[in-house]
Amino acid sequence: MLEADGLKKSFGNIVATDDVSVQFGKEDGEMVFIVGPNGAGKSTLVNLLTGLLEPDEGAVTLDGQDITTMRADQRVHEGLVRSFQVVKVFEEMTVRENIRTALLIKRKKTGGLGPRAIWEGLFSLDDEHEAIERTIDDLVEQFRLDDVEEAIAEELPHGDRKLLDVAMSFALDPNYLLLDEPTSGVSAQETDYVIETIVEVSESQNVTTVTIEHDMDLVKNHADRVIALHQGSVHGEGPPTMLETDQELRRLLLGVEE
Amino acid sequence: MVTSSIALLEANSVLLQSGIIEGLQNLLQPDTFIVQTINGIRFGFILFLIAAGLTVILGILDVLNLAHGELYALGAYVAASVGGFLVGEGTAAIMAPPSSFDPVTSFAFVGVLILAALISALILVPIGVVMETVFIRPIYERDQVYQLVLTFALLLIIANMIEFIWGSNPQKLDLSTKTAVNDIPTFELLGLSGVPSIVTLIMVVSLVVGVGLFYFFSKTKTGRIIRATAIDREMATALGVSPDRTFTLVFALGAFLAGFGGAMELVRTAANPGMGESALVLSFVVIVVGGLGSLRGAVVGALVIGVLQNWMTVVEPSLESAAPFAVMVIVLLVKPEGLFGTWGERT
Numbered sequence: 001m002l003e004a005d006g007l008k009k010s011f012g013n014i015v016a017t018d019d020v021s022v023q024f025g026k027e028d029g030e031m032v033f034i035v036g037p038n039g040a041g042k043s044t045l046v047n048l049l050t051g052l053l054e055p056d057e058g059a060v061t062l063d064g065q066d067i068t069t070m071r072a073d074q075r076v077h078e079g080l081v082r083s084f085q086v087v088k089v090f091e092e093m094t095v096r097e098n099i100r101t102a103l104l105i106k107r108k109k110t111g112g113l114g115p116r117a118i119w120e121g122l123f124s125l126d127d128e129h130e131a132i133e134r135t136i137d138d139l140v141e142q143f144r145l146d147d148v149e150e151a152i153a154e155e156l157p158h159g160d161r162k163l164l165d166v167a168m169s170f171a172l173d174p175n176y177l178l179l180d181e182p183t184s185g186v187s188a189q190e191t192d193y194v195i196e197t198i199v200e201v202s203e204s205q206n207v208t209t210v211t212i213e214h215d216m217d218l219v220k221n222h223a224d225r226v227i228a229l230h231q232g233s234v235h236g237e238g239p240p241t242m243l244e245t246d247q248e249l250r251r252l253l254l255g256v257e258e
Numbered sequence: 001m002v003t004s005s006i007a008l009l010e011a012n013s014v015l016l017q018s019g020i021i022e023g024l025q026n027l028l029q030p031d032t033f034i035v036q037t038i039n040g041i042r043f044g045f046i047l048f049l050i051a052a053g054l055t056v057i058l059g060i061l062d063v064l065n066l067a068h069g070e071l072y073a074l075g076a077y078v079a080a081s082v083g084g085f086l087v088g089e090g091t092a093a094i095m096a097p098p099s100s101f102d103p104v105t106s107f108a109f110v111g112v113l114i115l116a117a118l119i120s121a122l123i124l125v126p127i128g129v130v131m132e133t134v135f136i137r138p139i140y141e142r143d144q145v146y147q148l149v150l151t152f153a154l155l156l157i158i159a160n161m162i163e164f165i166w167g168s169n170p171q172k173l174d175l176s177t178k179t180a181v182n183d184i185p186t187f188e189l190l191g192l193s194g195v196p197s198i199v200t201l202i203m204v205v206s207l208v209v210g211v212g213l214f215y216f217f218s219k220t221k222t223g224r225i226i227r228a229t230a231i232d233r234e235m236a237t238a239l240g241v242s243p244d245r246t247f248t249l250v251f252a253l254g255a256f257l258a259g260f261g262g263a264m265e266l267v268r269t270a271a272n273p274g275m276g277e278s279a280l281v282l283s284f285v286v287i288v289v290g291g292l293g294s295l296r297g298a299v300v301g302a303l304v305i306g307v308l309q310n311w312m313t314v315v316e317p318s319l320e321s322a323a324p325f326a327v328m329v330i331v332l333l334v335k336p337e338g339l340f341g342t343w344g345e346r347t
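Read top to bottom, the protein sequences are chains X and G.
Position 155 of the first sequence, counted from 1, bears residue number 155 in my numbering, the numbering being contiguous throughout.
Position 179 of the second sequence, counted from 1, bears residue number 179 in my numbering, the numbering being contiguous throughout.
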């Protein structure tokens, strides 16, 4: 269970999140979508949960352990992984090399840079491990990147780049995956495909996935649960049907009354 | 027209008077040219070892380590002591320098010198680690001016420490050691007499270390993780790489390379006060010419500067120091980002 308890964060006079308390995670994973108008504090919440920001008040706990002051890279090794709104891949590496890099760092408390790992790392070629190559095969297939696995990341279409980004997050074997607008910048044709792939892999691996998303049709189709933020506070949470029934929320999200 | 012709004539006569033309003619004597070029390449390799650390630290930590040259000097001084011990007290009992060429002893001395360089470079590693963790880490978030002032302070402290420990007299290895190594024929086999075999030794060993460095960054796990951090620190953190560990490791690597470079240079000449400053200045030129943060750029820059400076010792020794900077200025004017871009390239 990933829990935010009374998280408060201000930037100068601007209160980004104000006393936000939310919980994520079931045994078999769940798809949670965070919605809300611009400036509602969605990204700040994700940054607080993953350790990119430290809250002014409140606490973050992961499976009962207080991780409020834990560094971002350490949280990754506890199974809490994120992706950014902009695509973050190693542009000059191929698809396979990108995933391989993530796998090399995966779940080693030292991020692959402990004394022993360095010593072994000096002599072991990273591409000689059968197991790693098979894991790459699996991820490439799951994320439908087989056709482009040897392509340089920066030459891929945007949707594929985003899928590679998320595939690298999955390579880290997360229990909780936080995605900050995975469809941002992805063309309309690719959006469904990207989200469907992410949902499919999340469900098959029982990962609790928390996604910030603006496209309400996608949210309705794929969410187990929706959390709506407004002006830094939780406006409401519930099943995706609340996007239809909560008139105030509709007005907030669409900016107009239908 | 007329004035410019006169100006040209005047410039020409200045050149003649200063002996530059004569110097060029001297340089272009085949034997001199080959010997000076080989010596330049040797110096280029040493410069690369220093500049590689400087440029990788700059590329990843975003810190220009002014004390980097002192790590090179320290490597030379430590090597003088370690090497002195190894070839003196350590091995005197079993291997006295021979009076005539004895291959076994000569090659044993080669091994001892390489061992001394490795030990010296390894001694530099904890020093680099302390520099990074204790002094530089607390001020990463500050303005770069603070880092410059701090690393400048470290430069002066290390330079004074060196003088405190070793005094102001140059430190060098016993001449008989060099003689033993020089007895092994290397370039002589190619019919070239002006290049002592100690230079061959320095070139071969430095080349192996340099190739090893590229191999490290392109093929090994640890190298790959460091390169990933260089490309995108935020992303590497999101993948679970600890930036602190990467920074310490990179600094330790830089200290090792600089120390090794110093130890290699000691083998040929002497450790002397001030060698750190000139090495820093030259390796700074190297990384500007090559492109800040680029490892491949550092190779090219180091060879260009090393060879050019050795040529200038024949052409016009008084311009020896100015020549590298002239190249730097030209590169900055024509291609300000350096010959190669920044780091993260596919090595």
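Since the hints were derived computationally from the structure, they do not count as laboratory data.
Hints may be right or wrong, so weigh each one.
Label-pair distances were calculated between CB atoms; the ranges are [said to hold, decoys possible]:
| # | chain 1 | residue 1 | chain 2 | residue 2 | range |
| --- | --- | --- | --- | --- | --- |
| 1 | X | S187 | G | L332 | 55 to 61 Å |
| 2 | X | S184 | G | A322 | 49 to 55 Å |
| 3 | X | E92 | G | L28 | 53 to 59 Å |
| 4 | G | S278 | X | D146 | 53 to 59 Å |
| 5 | G | P336 | X | S10 | 47 to 53 Å |
| 6 | X | E92 | G | P336 | 21 to 27 Å |
| 7 | X | S204 | G | I139 | 28 to 34 Å |
| 8 | G | I139 | X | E154 | 46 to 52 Å |
Here are some chain X residues the structure puts well away from chain G; computed CB gaps all over 10 Å [as the list claims (entries may be wrong)]:
| # | residue |
| --- | --- |
| 9 | D5 |
| 10 | I105 |
| 11 | V148 |
Since this is a predicted model, take the numbers as computed values, not measurements.
Ideal Cβ placement from N, Cα and C applies to all residues, glycine included.
Okay, the hints, checked on the actual structure:
1. X:S187 / G:L332: 55 to 61 Å: violated, 42 Å
2. X:S184 / G:A322: 49 to 55 Å: With a Cβ separation near 53 Å, X:S184 and G:A322 satisfy 49 to 55 Å, so the hint holds.
3. X:E92 / G:L28: 53 to 59 Å: violated, 42 Å
4. G:S278 / X:D146: 53 to 59 Å: The hint (53 to 59 Å, Cβ to Cβ) holds, given that G:S278 and X:D146 are roughly 55 Å apart.
5. G:P336 / X:S10: 47 to 53 Å: violated, 41 Å
6. X:E92 / G:P336: 21 to 27 Å: holds, 22 Å
7. X:S204 / G:I139: 28 to 34 Å: violated, 47 Å
8. G:I139 / X:E154: 46 to 52 Å: Between G:I139 and X:E154, where Cβ atoms are some 34 Å apart, the hint is violated.
9. D5: holds, 23 Å
10. I105: violated, 5 Å
11. V148: Non-interface label stands for X:V148: nearest chain G Cβ at 17 Å, farther than 10 Å.
Checked against the numbered hints given earlier, this structure breaks hints 1, 3, 5, 7, 8, 10; the rest are met.
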